[in-house]
Amino acid sequence: MATRQLGAKKLRVLPGFKLTLGYTLLYLGLIVLIPLAAVFIKTSTLTWAQFSHTVFSPQALAAYRLSFGASLFAALVNAVFGLIIAWVLVRYNFFGKKIVDALVDLPFALPTAVAGITLATIYSPNGWIGQFFTPLGIKIAYTQLGIFVALTFIGLPFIVRTVQPVLEDFDPELEDAAASLGANRWQVFWRVIFPTLAPALLTGFALAFARALGEYGSVVFISSNIPMKTQIVPLLIMSELDGFQYAKATALAVVMLVISFLILLAVNVLQWWSNRYNTNNLA
Amino acid sequence: MSAVEKINVPHRRTEPPFVRRLLIGTALAFMALFLVVPLVSVFAEALRQGWGFYFQTLRDPMTLSAIKLTLIAAAISVPLNCVFGVAAAWAIAKFDFRGKNILLTLIDLPFSISPVISGLIYVLVFGTQGWFGSWFVDHDIKIIFAVPGIVLATIFVTFPFVARELIPLMQAQGRTEEEAARVLGASGWQTFWRVTIPNIKWGLIYGVILCNARAMGEFGAVSVVSGHIQGRTNTIPLHVQILYEGNNFTGAFAVASLLTFLALVTLVLKTWVEHKNTALRGTAFTPVPVVKKSG
Numbered sequence: 001m002a003t004r005q006l007g008a009k010k011l012r013v014l015p016g017f018k019l020t021l022g023y024t025l026l027y028l029g030l031i032v033l034i035p036l037a038a039v040f041i042k043t044s045t046l047t048w049a050q051f052s053h054t055v056f057s058p059q060a061l062a063a064y065r066l067s068f069g070a071s072l073f074a075a076l077v078n079a080v081f082g083l084i085i086a087w088v089l090v091r092y093n094f095f096g097k098k099i100v101d102a103l104v105d106l107p108f109a110l111p112t113a114v115a116g117i118t119l120a121t122i123y124s125p126n127g128w129i130g131q132f133f134t135p136l137g138i139k140i141a142y143t144q145l146g147i148f149v150a151l152t153f154i155g156l157p158f159i160v161r162t163v164q165p166v167l168e169d170f171d172p173e174l175e176d177a178a179a180s181l182g183a184n185r186w187q188v189f190w191r192v193i194f195p196t197l198a199p200a201l202l203t204g205f206a207l208a209f210a211r212a213l214g215e216y217g218s219v220v221f222i223s224s225n226i227p228m229k230t231q232i233v234p235l236l237i238m239s240e241l242d243g244f245q246y247a248k249a250t251a252l253a254v255v256m257l258v259i260s261f262l263i264l265l266a267v268n269v270l271q272w273w274s275n276r277y278n279t280n281n282l283a
Numbered sequence: 284m285s286a287v288e289k290i291n292v293p294h295r296r297t298e299p300p301f302v303r304r305l306l307i308g309t310a311l312a313f314m315a316l317f318l319v320v321p322l323v324s325v326f327a328e329a330l331r332q333g334w335g336f337y338f339q340t341l342r343d344p345m346t347l348s349a350i351k352l353t354l355i356a357a358a359i360s361v362p363l364n365c366v367f368g369v370a371a372a373w374a375i376a377k378f379d380f381r382g383k384n385i386l387l388t389l390i391d392l393p394f395s396i397s398p399v400i401s402g403l404i405y406v407l408v409f410g411t412q413g414w415f416g417s418w419f420v421d422h423d424i425k426i427i428f429a430v431p432g433i434v435l436a437t438i439f440v441t442f443p444f445v446a447r448e449l450i451p452l453m454q455a456q457g458r459t460e461e462e463a464a465r466v467l468g469a470s471g472w473q474t475f476w477r478v479t480i481p482n483i484k485w486g487l488i489y490g491v492i493l494c495n496a497r498a499m500g501e502f503g504a505v506s507v508v509s510g511h512i513q514g515r516t517n518t519i520p521l522h523v524q525i526l527y528e529g530n531n532f533t534g535a536f537a538v539a540s541l542l543t544f545l546a547l548v549t550l551v552l553k554t555w556v557e558h559k560n561t562a563l564r565g566t567a568f569t570p571v572p573v574v575k576k577s578g
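First to last, the protein sequences are chains D and A.
Residue numbering for the first sequence follows the working numbering, starting at 1 and increasing by one per position.
Residue numbering for the second sequence follows the working numbering, starting at 284 and increasing by one per position.
Next comes chain A alone, as it looks inside the complex:
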C-alpha cells in the first residue's frame, strides 16, 4: 500500500521548490530584460518631450501620409493573401495530388528569405535596369521607388501567413462535411460559404491578424523598393527611420509607439482567438514547416 502511494507522490513529477523558483526567476528575468524593458522604453522615449510634442508629431503631414500609405499597402496585401490562402488550403486539404509537400515548402519560402533580398528581387524584375523595366518606363509606369513596389514587397513578405494557418486546419477537418453537403444537393458555392467558411472562420481571422501585423510593420523589404521620398513613398516604419536618422529621437519614438500599440493589440487579439479556438496554438508566427501528420 505504501509502495503504491510512494509511486504516486506528486513531487516526483516536478522539481524541488528551490529549483522551481530558480527556473521561474531565470525565465522572468530574461524576458524582463529582453522584452519588457524595450517595450516600456518605447513609450517613455516617445513622451520625453511631453504630450504636446507627441501629438504634434503624430499630426504632422509627413506622419499622416506615412500612415495612409501603410494602410493602403495592408488593405491591398491582406485581402489578396487571404484569397490565395483559402484557394491554396482548399486545393491542398480537400484533394490528393502529387508534389503536395513541395508545394507546401514553396508556399513557406518567403519566410526563409531575408527582407533585404525580398526587396531586391522586385528591383531586379521591375527596376529600370530590370526585365520589364524598359517596358514600364516606356508606358510611364513607376513600380520601384513608388507605391506599387511597396505593395508588391508587402505582399511577398506576408505571402504565407493565411495559407499556413488554414492548410493544417482544413487538413485536420477533412472533407466529409463538404461531401455530405454536396450529396444532399448543395452547390459548390453553397458548400463553401455555408460549410467550409464557418468551419475555418477562426483560422482565417487568426491568419488575417498575423498577416496584417507583418504588413504594417515590414521594414527591410519595403526599404529597398521605397526610395524614401517623404510624403510619397514613406510607410510608418520608414518614417520612423527618417526621423531617427534626422536625430529627432523623440519624434521617431512617438511614431514608433503607434506600431508598438499595434503590436500589443495584435498580441491581445491573437490570445483572444486562441482562447476561442484551442486548435490554433503554438506555431503562430513561427515558420515551423507544415508537415502532414500520418493519418
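Bound conformation, chain D alone:
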C-alpha cells in the first residue's frame, strides 16, 4: 500500500498535468477539431447524388487532374534539385554558403501573395524570365506551366530541410568501408548513401506534394483560373465560395481533406520507418 502510494506520488512530482492537458485539448477542440468537424457534418446533409454531382463534375475532375499532375511534377523536380542543394550544403564549402542555407527557407518566410504577384510578373511574356521564352513560343504565366513554376517555388524547402539533417548525421566511416572494399564513388553514393537518404527524401517529397495540392496564394495570380484548363482545386473551391455555393465548396473540401489526411498518414509511417532505419544504423 505504502509503496503503491509512493509510486503514484512519483508520477505527480511535477504539477499542472490536468491543467495543461485540459487546456491543450480545449484549445485544440475549439480552434481545430470543432470547425473541421463542421466540414464533414455539412457534407453529410447532402444526398449522395448532390455530393457526387459536385465532386465528380467535369470541372472538378479536370481540377483534380491538374492539381495532382502539377504538384507531382513540381515535387519531382524539387526532389532532384533539393537533393543536390542539400548535398552541396552539407558536403562542400563555398563562398556564401551560410547565406544560401538561410535563403532556402525563403518560400516559407515570403507570404504567398507576394510570391504570387512576383512570379506572375517575372514569368509574364515580357517579364525578366518570361521574355526569354516568348521568342520560343512558350508562355509560362497564365498557363499550366506557370502553375508548375509556382508550386516548385513553394515546395523546395521541404526536400532540402528533410534530407539535410539525415545527410549531416551520416557516418562517413561507412563510405570509407565501402571505398576500401573497392566501390567507386558512384557505387558508394548509390548503394550506401542513397538508401539511407531515401526515407527522408520520400518524406520531403510527400510534404512538398501535399503543400502543393493545397496551395492557393502563389498560384492565384500566375494562373488565369480558366475552368477545365488552369484551375486547380483550391481555386475551384474559392470560386464556389465567391458564388456563395457553400455546399459545393464544402463537398470539394472534404475530398481534399481526406487526401491530405492520407498523405499525412503516409508521412507518419515514413517518419517511423526513417527513425527505425537510423537507430539500426547506430546500433
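Since the hints were made in silico from the structure, they are not lab data.
Ideal Cβ placement from N, Cα and C applies to all residues, glycine included.
Mixed in with the good hints, there may be bad ones.
Unchecked claim - A few chain D residues facing chain A, derived, Cβ under 8 Å:
| id | residue |
| --- | --- |
| 1 | V13 |
| 2 | P15 |
| 3 | V32 |
| 4 | F81 |
| 5 | V114 |
| 6 | A115 |
| 7 | F132 |
| 8 | L136 |
| 9 | G217 |
Said to hold, decoys possible - Simulated pairs of lysine-lysine, DSS-like, Cα-Cα distance not exceeding 25 Å:
| id | chain 1 | residue 1 | chain 2 | residue 2 |
| --- | --- | --- | --- | --- |
| 10 | A | K351 | A | K484 |
| 11 | D | K18 | A | K425 |
| 12 | D | K97 | A | K559 |
| 13 | A | K383 | D | K18 |
| 14 | A | K559 | D | K98 |
| 15 | A | K484 | A | K559 |
| 16 | A | K351 | A | K425 |
| 17 | D | K139 | D | K229 |
Place chain A on chain D using the hints.
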C-alpha cells in the same frame, strides 16, 4: 603502410573537383532562378515609379489601415498560440499518458490543410448560414467578413508553430531538472519560471519568430473570411491583391516589399537563433512530424 595511407586519402570521401563544381553550380543556378530573381524583382518593381510614389503608397490611409489590422491579428494570435504551445509541450513532454502520438498528429493538422479550407471551416461555423450564425446575427456580432474572423483564421493557420518547436525540445530536456527543483522545495510556478522557461527560452523565441511571419503573411485563409472591405477588413497581403488586381502594379509591389522585408528579417533572426542554440535546426518551417525518438 602505403595501403593504410591509401584508405585514408581524403578524396575518397568526396567527388572529383569537376563533379563538385558542377553540383555547386547546379544548386546555385537553381536557387538563383527560383529564389534570388523573384526576391530582387520585388524591390525593382516597387521602385519602378521612384521613391516618391513608393512612400506615397505606403502612407496611403488604406495601406495604413491594412498594416494596423495585420498587426492586430498577429498581436492576438501569436500570444494565444504561445500559451497553447507551452501548455501542450508541458503536458506532452513532462508526463506520460495514452494517445500522445495521436495528440501530436492532431496538433500538426492545420499544417496539412489548404489555406482555402482553413478559411472555409470558419465560414461554416460562424457564417450567417452556419451553426452559430443566427445567434450571432441576433446579437449583432459579426465574425465572418469582419475582424474576429480574420483573427480566428490567423490563429488556425499558425496554431502548431510554437508547440512543434517546444515539444521536441522539452522532450529532449526531460524532467529531472524540474523534479530536482520541486524536491528542493520550489513551488510549481517557481519551477516553471526559474527552471523551465530559461531552458526553453530560445525554442520559444524561435517559435514566435516563425509564428509571427506566417501570421502577418497569411493570405488564402484570411481571404476567405475577410470580405475584402477596404479600410476595414484588409490585411497587408489582401491589400497587395486589391492593388494588383486594380492594375496598380507598382503600388502592389511597394506594399509587397514590406512583407518581403519582414521575410528577410525573419530569415536573419531565425539564423541568429539557430546560431545561439544549435539544437534548433533543420525542420524550422517544415512540418516534419514530431515523432519521439526511442529512449
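We went through each hint and held it up to the structure:
1. V13: D:V13 check passes; min Cβ-Cβ to chain A is 5 Å, inside 8 Å.
2. P15: OK, holds: D:P15 within 8 Å of chain A, min 4 Å.
3. V32: holds (6 Å)
4. F81: Holds, about 5 Å.
5. V114: holds (4 Å)
6. A115: holds (7 Å)
7. F132: Interface hint status for D:F132: violated (11 Å vs cutoff 8 Å).
8. L136: violated (16 Å)
9. G217: holds (4 Å)
10. A:K351 with A:K484: violated (28 Å)
11. D:K18 with A:K425: violated (34 Å)
12. D:K97 with A:K559: Judged against 25 Å, a Cα distance of about 18 Å means the pair holds.
13. A:K383 with D:K18: holds (14 Å)
14. A:K559 with D:K98: holds (15 Å)
15. A:K484 with A:K559: holds (11 Å)
16. A:K351 with A:K425: holds (19 Å)
17. D:K139 with D:K229: Satisfied, since the Cα-Cα distance of roughly 14 Å is no more than 25 Å.
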